[in-house]
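Quick mapping for you: the protein sequence lines, in order, are chains A and B. Just so we're aligned: the first sequence equals residues 1 to 446 in this note's numbering. Just so we're aligned: the second sequence equals residues 447 to 623 in this note's numbering.
Rather than coming from a laboratory, the hints here were simulated on the basis of the structure. Careful: at least some of the hints might be erroneous.
Derived DSSO-like pairs: lysine-lysine, alpha-carbon spacing no greater than 30 Å straight-line [claimed, not checked]:
no. : chain 1 : residue 1 : chain 2 : residue 2
1   : B       : 505       : A       : 105
2   : A       : 105       : A       : 121
3   : B       : 615       : A       : 121
Negatives, chain A to chain B, calculated, CB over 10 Å [claimed, not checked]:
no. : residue
4   : 59
5   : 239
6   : 245
7   : 248
8   : 251
9   : 286
A virtual CB, placed ideally from N, CA and C, is assigned to each residue, including glycine.
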Amino acid sequence: MVKQISILIVDDEESVRDSLFNWFIEDGYRVECAEDAKQALTRLESSEFDIVLADIKMPGMDGLEMLRRIKSLRKDSIVIVMTAFATVDTAVQALKDGAFDYVTKPFDPDDLSHLIRNASKQIHLEDENETLKVHLSSLENVENLIGNSEAMRRVYGEIERVAHSAAPVIITGESGTGKELVAKAIHANSPRKFFPMVSVHCGALTESLLESELFGHEKGAFTGAMYNRKGRFEMADNGTIFLDEIATISTKMQVELLRVLETKSFMRVGGNREISSDFRVICATNKDLKSMVEAGSFREDLYYRLNVVTIEVPPLRERLEDVPVLVDFFIRKYCSAMNRTVIPIDDAALIKLQDLTFPGNIRELENMIERALVVGNGKRITVKDLPFIKDSQGSSVESLDELEKGHILNILIKYSWNISAAAKALKVDRVTLYNKIRKYDLKSPR
Amino acid sequence: MDEIAMISFGYFEKQLLDAVTMRTEQAFSARISWKEGFLDLGDYYDPSRRQYDGNRILKVIDERFGVSKGKTIGLLSIDLFIPILTFIYGQAFLNGRSCIASNYRLSNERYGLLPDETLMHNRFIKEIIHELGHTYGLIHCSHPDCVMRSSTYVEDIDQKGEDFCPNCKSNLIHFPE
Ligand SMILES: [Zn+2]
Ligand SMILES: [Zn+2]
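When you get a sec, could you build the whole thing from the sequences and use the hints?
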C-alpha cells in the first residue's frame, strides 16, 4: 500500500488556497492550508508534510525566506514555490535555496500534476530506501549487511534478538555469505560496542600460531618471541572475539578453548600467571558442526558451550531478490574506490545475474561486479561485461576463441578503438589485430 | 442516490441532453431531472483572462440551484478557469451537493480538427459523470479506463471510458445517502 502523500499549501489568497485544496483532494492527497509563512511554520512544527507548496509573494515573511527556514530545519523537505511573476531571478533563487521546483501561476493543470507526481515519486523512492533499511533501523553500523529479502530479515531479527545478551553465538552458512558481517552487526549493537571486536581466522593458522595468537605469549616463550605479546582474548576484554572457521581447530585447541570459555581466564604461552578477560565469543563455520560432533571430530562439550544461539546466514541463491541492491552496493563501493562516477547496470545484465546460482555467494557476486567495472566501457554494465554468464545455465567454460574475442574487445574499448595503442597493449602488430577484429566481427561503436 | 438535477445554462441540443440523461441515469442509477437555469454569467467573467471563474460559478449554482436531496450539476458552454489553472472542464464540491461541467473545450474544432459531434458528446458525458462522481465522494483514480481518471487534455478524456472501474463502483455503492 502506497502511503498517502500530504501537502501543505501556503498562499495569502483564499481563492488560490481553495482551488489548490480541491485539486489535490480530488487527486487523493492529504491537504492542509496556511494563510501565511508564520502560520505555515507553526503547522510544520506540529505535523509533518511531504510537500510544501508555497507562494513566493506573501505579505510579512515571503516564500523565499520561509523556504530557507524550512530547509534549515529539515534539509530533505520538499518545497515547491509558486509565483505569479515569472521572473527568472526569484525562481532561480528559490532553486538555489533548495526548492524542489517552481511553478508560475496560473498553471497548466498538467504541469502541476506532473510536478507533484514527481515529488511524490521522490518521496516513495526515499521510502523504499527506508524500508530497505527499516529492519536495520534499530541496528547500528551494519551498512554492509544488504538485502531486504525474507531470509535476510530473519537474520536481522536474530541479530537484534541476540545483540544485547552475552551469550555465545554460532553463525553458520556457506563461504561468502557474509558471516563476519553478521558478527560485526551483533557486536556493533551490543553493549560491548565501545570495546573492540577481535577477529581470528582459525583456519589460516597452524595450531601453535593459533595458540599464541589467541592467548599471547611471553618474551622468549619460543624462538622468535622477542616481546611479550597480548593474545586476542586479552585484546577482546569487554568486547567480542570472533572465531571464524571454528571447525578447523585441532582437538588440543578445542580443549583449551573449552577451558577458557568456562573460566574466562588463561595463561599466555610461556607465561605463568592467569589472565582474565571478559569477552563474548562469536564463532562462524561453513561446516555442519553437529555432524562433526556425531563423527567425533568436534568436542560435544565445546559444541554445547558455543552453540547457545545459532544464526544461519542464507546462501545468495536463496535470496536472489537481493541481487539488485547488492549489485548497486558493490557498484557504488568499487566506483568510489576507483574514484569513478557511479554507473548503472543494464536490466538484461541484472536479470542474468538473478538467474545464477552463485556457488560463491556474495563474494562471487562482488568479484563479478568488480571485474565488470574493470573490463567494461565505463558507461554501464551490460551482459557483455559479464562474459562468464552463459545463456544456458550449463557450462560456464568459455572457449579460447570466446576468451580472446572478449579480451580484445575490452582492450579496444579501453583504448577507445585506437588500433595502434590496443595492438601495443595486446603485444601484437596492427595487422594481426586487424585480422582478429575481422575474424571476430568486432565493431567500433561509432 | 435518488435524484440528480441537471441545470443547463446555455443552449444544448436535444440529442445531447437525451444521451446525457440516459447515460448518467445508468451510471448512478438515479432519477434525472432537467431545468433551465438563468445566471448573468458576465458577473463571473475575468477580462484579463477572458475566461469565466469556475469557483465562483460553482458556488452560486450551489447556493441558488442546489437541490436539498441529491446532487446538482450545472451544464455550461463557456471557457472556465480557476485562479491556479489555465483552464478547467468542470469543478465539483468533493462529497458535496453540486458540480459544474462545460463543453467549451471539448469539440474537435477548437483544436483545428474536423468536427465530430459524437466524440464531443462522449467527452461531455464523461466529464459530467466524472464531476458527479466527485460529489459522491470519489477521488481521482489511476485505473486507465475509469471515468474518475483525471484528464487534462481532450485526448486523455478520449482514452478513458465512461464507466466507473470496479473499485470506484464499489466505493460509490458504499457511500451512505
Ligand atoms: Zn476530477
Ligand atoms: Zn476508478
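Results of checking the hints against the structure:
no. : hint             : in the structure
1   : 505/B with 105/A : holds (22 Å)
2   : 105/A with 121/A : holds (23 Å)
3   : 615/B with 121/A : holds (27 Å)
4   : 59               : holds (18 Å)
5   : 239              : holds (53 Å)
6   : 245              : holds (53 Å)
7   : 248              : holds (58 Å)
8   : 251              : holds (67 Å)
9   : 286              : holds (48 Å)
The structure shown violates none of the earlier numbered hints.
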